[in-house]
Structures are given as structure tokens and as C-alpha cells.
Amino acid sequence: MNYWPLLGVAVIVIGFLLRFNPVLVVVTAAISSALLAGFTVPALLALLGKSFVSSRMLLIFLLTLPVIGLLERAGLREHAQRWMGRMHGLTLARLLIGYLLLRQLLATLGLTGVAGPAQTVRPLLAPMGEAAVEKILPTLDDADRDELRAIAAATDNIGRFFGEDVFIALGAVLLIQAFYSQHGIELTPLSIALWALPTAIAAFVIQSVRIWLYQRRLQRRAANALTRTESAG
Amino acid sequence: MLRIEYAYWLIAAFLLYTGLRNLRERHGWHAAFWLVLGVLFGAGDYVLAQQAVGNALPAQLAGAGVIALALLAPRLHRHAHVESRSAEQRLQSAIRLGHKLFVPALMIPLVTLLVALFGAHLAIAGHHVFAAAQMTLTGLALACLVALFAAAKVTRVPLLDGVAEGRRLLDAIGWAALLPLLLAALGEVFTQSGVGAAIAALASTFLPTGSAFACLLAFALGMVLFTVIMGNAFAAFPVMMAGIGLPLLVQQHGAHPAILGSMGMLCGYCGTLLTPMAADFNLVPAALLELRSPYGVIRAQAWSALAILATTFLLMWLFVFR
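Top to bottom, those sequences are chains W and U.
Per my numbering, the very first residue in the first sequence carries number 240; after that it's consecutive.
Per my numbering, the very first residue in the second sequence carries number -12; after that it's consecutive.
One chain only, chain W, in its complex shape:
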């Protein structure tokens, strides 16, 4: 057994760790593995070229860009933000869970760019969340504020991750399909995307429960503070 090609894996790990350009890292890793496996330069080039063009399906999402670009020019992002802004006045848990649901559904449609830390969390979700927390616990310190903002950002990440994997044009599904098809196993994108649904639902339930527990924790603190002031008075 020739273990030298394993150095290609090391090239990836080290290259990513040292923050070299990922495209350069991946191509370097491919070249080093093939050379260490004893490929000649012409054979290596042919392998690289053939592997690349037979994975072209991974870029099919480029065809969605003109549509999304046109819609964004006509205010898609602004509309999504206004839509989310209407959740004003909800309780903390309803606000965060509602956002999670919206974010996940939008990502399932491939609209990952209309929401995000810069687009919606910082300008909308965080301030609305803080307003909702202050209704439960009027005196917020810096640590409380940090915790709420972190939970808002986490909710955004989880909604995005476990929604986009269901959309077939984005990387995950097609990467899986391309890998198998290069090894002689033909799968339809739909069959792969469907198996991401159970986790998408589980992620929604788990994060919702955690949001609800967070709200209950704040409510208990508020109740305790109340009894303490009453007994003191």
C-alpha cells in the first residue's frame, strides 16, 4: 500500500488552516496526491481536466444569478426586511422562532442572500429581540445583551444551514451527486435533497425548544427579582 498520496489530505488541512486561497489549496492538493501516486505530468493534467469538466453540474446555480440579481434590483431584499419588520411586538420566543422559520423557508428556495447577519440580524432581529427581552426583564446588562445577540446570530445560521441543503441547485446536493456519479453510482438530486428534510425539521424543533427555554429562563429571573424586591420591601 502506497501511503504517500495521503499527503494531499495534509495539503488541504494545512492550506486551509494557514488561510491560503482555497482554490489554490485544492488544486495543489490534487496535484500532489496524483504525483505521489506516480502519475506522469501529461496523465496528471488529463486526470485534472477530465475530473473538472465532469463536475460542471456544480456551477448550475450560476443560472439563478440573473433572476436573483433582477429581483434584488427591484427591491427583493428590502421587501424581505420589511416583511420581517412586521413581526414587531411579538414575544421573544415567537419573534425568534418566526424568524427561524422564515430564514429556513427562504433558504430552501435558494434565497440565502436576502437575509443574514448584515442584512437582517444586525438591523432588525437584534434590536427587535432586545425590545422583546426588555418587556420581560427591564434591566438588561451587557452580558444579557450579548447573549441575546449571539442567540439571534445562531438562529440565523441554523435556519440558513438546514434550509439551503434542501435546495438542489446549491453545493451540497450536487457535490454529493457528482461524487457518486464519478464512482459509477447515479442518483437524482431530488433523492438526495429529500433525505436532508428530516434533519431540517429536527434542526427547527431543536432550535425552537432552545429559544423557548431561553425565554423561560429570563421569565424565571424576572419572577425571582420580583419576589426579592417584594420581600425586601
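Misleading hints may appear alongside valid ones.
[What the hints assert, rightly or not] Residues from chain U that face chain W, not an exhaustive set, calculated with beta carbons under 8 Å: (1) Ala81; (2) Ala112; (3) Gly113; (4) Leu157; (5) Val176; (6) Ala185; (7) Leu260; (8) Pro263; (9) Phe268; (10) Pro272; (11) Thr299; (12) Leu302.
[Unchecked claim] So, partial list: chain W residues that the calculated Cβ filter (under 10 Å) puts toward chain U: (13) Asn260; (14) Lys289; (15) Leu297; (16) Leu304; (17) His318; (18) Trp322; (19) Gly328; (20) Ile336; (21) Gly337; (22) Pro428.
For the record, the hints were derived by calculation from the structure and aren't laboratory data.
All C-beta atoms in this analysis are idealised placements derived from N, C-alpha and C, irrespective of residue type, glycine included.
Fit chain U to the known structure of chain W by using the hints.
Then chain U, alone, in the frame of chain W:
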């Protein structure tokens, strides 16, 4: 008959357009990057056809093109594009159009789904409309065209402006667009170079490979671990699939490929939620929200990530060996 190759030609045209626009605006490196990629896309079928009849030269040239892309990628810096409309104009348009803006976006998955489900039965004068190979993706390409027409109609903007807007987005994404494709190609190169076989051989020295459960656990935890180290589940996927997923789980233990791939990738996603290496998702939001700890977001999502990981692993274990 509609074939996936037409979609590749469409993408090639879009890439060449992006390259030429960059050339005209004197962004030389960007122009070179997109033009090389466009040529690789347009010539892809010729390369594969020639390879099949024993002529390796086009494939070798394509390989040289890939190396050129890798050398160009570090030179692509994000250049800010002037938004074609002011924030005020977009807001007015958003208020005027409302939920109608979602309709063209919804058409993409909807038309794709229709083609995937019923495309095989669609025939005009005895000829099938869609080729059987890659029908879903052909449907997706068609859906994007339909959605583009719909978007132009809804927003009353000329169709070609959409292509220009798409180019703006593509330039903003830059080399990152290429990463999933390259990682898929890497999986193939790794397998051909025996990386997978070497990992499988290593794994069998300390892993009871006769136990399907042990292999599945090693695969899932390996996905998480490699994702945490590299900050990218897509990069972990070809390594773990070539090493454990394909040789041990699919070929030896008969794991269901779609379930293994899909849920294995999701185990990696849980790793992404845990690592500062995924700076875009974990560190940038912490800075944006002015948290005092850069790891605040990771801390907030860690328990969710672990619970989702445990659930996904359990589901995978229940279904993958059926």
C-alpha cells in the same frame, strides 16, 4: 430534445459575458479568470468525447486551464460595484411590488420539481422533450430561464439588465463560486490516486471494520472533525467519502448512498457551527453585532449543533442500512 449540455453552454455564455465586461472595465485578472472558466465550460463536452475515443490532448489542455484558474484565484479581489439603483429606489419598488417579488424566485424550485416528477412523460410528436440523463438539472436550467422572463415581467425591467445584475452578483461571489466544483473534482483525483484506499487501509488497522456501526460512527465524527479543522464541510466530504464512506460503508456494508451522502454532509454542517475556522458564519457576525467575545455566536449555537448532530446520526443509523 433538451439536454444538460445546453445548460452548460448557457453557463459558458454567461461566464464569457462576465469576462468580457470585466475586460472592458480593465479588471484584467477577473476577466482572465471568467474567460478561462467559460472556455472550460463550453469545451467540456468536446473534452469528454475526445477522452472517450483515446485523445487525451483536450483533457490535458483543460487540466492546464484548471491550474491557470488556481493561479488566478488569489488575484481576484472584491471590487465594489456601484449599485445600479439607489436604496430609496429599491425601497419604493419593494413597496410597490410586495410579495409579487417572491413569485419568480418561487418558480425556480417549482418548475424544477415539475420537470423532475413529470418530465419523463412529456413528449411532443413522439419525441421526448427532456433527455433522461440529468433531467432534474436540465429542468432547473429551464426553470431559471422561465423565472428570468417572469422576473423581467414582474419588475418591468429589460431582460438583458438581469444578465448584467447576475454578472454583478457573480463578481461579488468571485472564486468562491468555483470551490464546490473543485472539491468534487478533488474527490475523483483522490480516488484515482489511491488516497481513499490508503485511508481505508489505515482505518481498518484501528477500526473494527466488520462493524457497520463503528464505520458509520467514524464516518460521522470524521466529517465533523475535518470540518472543524478546515472550516468547510464541502472540503471534508470528498476525503471522508473516498476513505470510509464509499469503500467501507457503501461497498462493504451496503449503505444507502443518498442517505449516507446527505446526512453525512449534514454532520459536517454541525461541525461548521462549532468552528472559528468558518469565520464568515461564526466570527464575522460576532464582530458585526459587537459581541465582547468573538466566540459568543459559537457558544450560543454549540448545544443546538450537538443536538442536531446526535439526531442526524441516529436517523442515519436507523435508515442507512435498511
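Consistency of the hints with the structure:
A least Cβ separation of about 3 Å between U:Ala81 and chain W falls short of the 8 Å threshold, and the interface hint therefore holds. Interface hint status for U:Ala112: violated, as the beta-carbon distance to the closest one in chain W is roughly 27 Å, over 8 Å. Below 8 Å, beta-carbon pairs count as interface contacts, and U:Gly113 has none with chain W, the closest being about 25 Å; its hint is therefore violated. At its closest, the beta carbon of U:Leu157 sits 6 Å from a beta carbon of chain W; the interface hint therefore holds under the 8 Å criterion.
Because the closest C-beta pair between U:Val176 and chain W is about 4 Å apart, less than 8 Å, the hint holds. Checking U:Ala185 against chain W: minimum C-beta separation of about 5 Å stays under 8 Å; hint holds. Checking U:Leu260 against chain W: minimum C-beta separation of about 6 Å stays under 8 Å; hint holds. Given the 8 Å rule on beta carbons, the hint for U:Pro263 is violated: about 11 Å separates it from the nearest Cβ of chain W.
A hinted interface residue such as U:Phe268 counts as satisfied when its beta carbon comes closer than 8 Å to some beta carbon of chain W; here the least separation is about 5 Å, so the hint holds. For the restraint placing U:Pro272 at the interface with chain W, the shortest Cβ-Cβ distance is roughly 4 Å, inside the 8 Å limit, so the hint holds. A distance limit of 8 Å between C-beta atoms decides the matter here; for U:Thr299 the minimum to chain W is near 5 Å, and the interface restraint holds. Of the supplied interface hints, the one on U:Leu302 holds, with its beta-carbon coming within about 5 Å of a beta-carbon of chain W, less than 8 Å.
The closest approach between the C-beta of W:Asn260 and any C-beta of chain U is roughly 4 Å, which is under the 10 Å cut-off, so the hint is satisfied. With a least beta-carbon distance of about 5 Å to chain U, the hint placing W:Lys289 at the interface is held under the 10 Å criterion. A least Cβ separation of about 4 Å between W:Leu297 and chain U falls short of the 10 Å threshold, and the interface hint therefore holds. A distance limit of 10 Å between C-beta atoms decides the matter here; for W:Leu304 the minimum to chain U is near 4 Å, and the interface restraint holds.
Contact between W:His318 and chain U, as hinted, is supported at the beta carbon level, the nearest pair being about 4 Å apart and thus within 10 Å. The interface hint given for W:Trp322 holds, since its Cβ lies 8 Å from the closest Cβ of chain U, which is under the 10 Å cut-off. Checking W:Gly328 against chain U: minimum C-beta separation of about 21 Å lies over 10 Å; hint violated. Interface restraint check for W:Ile336: the shortest CB-CB distance to chain U comes to about 13 Å, outside 10 Å, so the restraint is violated.
Annotation: interface hint on W:Gly337 violated; nearest CB of chain U at approximately 17 Å, more than 10 Å. At about 5 Å, the closest approach between the beta carbon of W:Pro428 and any beta carbon in chain U falls short of 10 Å, and the interface hint on this residue holds.
Against the hints set out earlier in the document, violations occur for numbers 2, 3, 8, 19, 20, 21.
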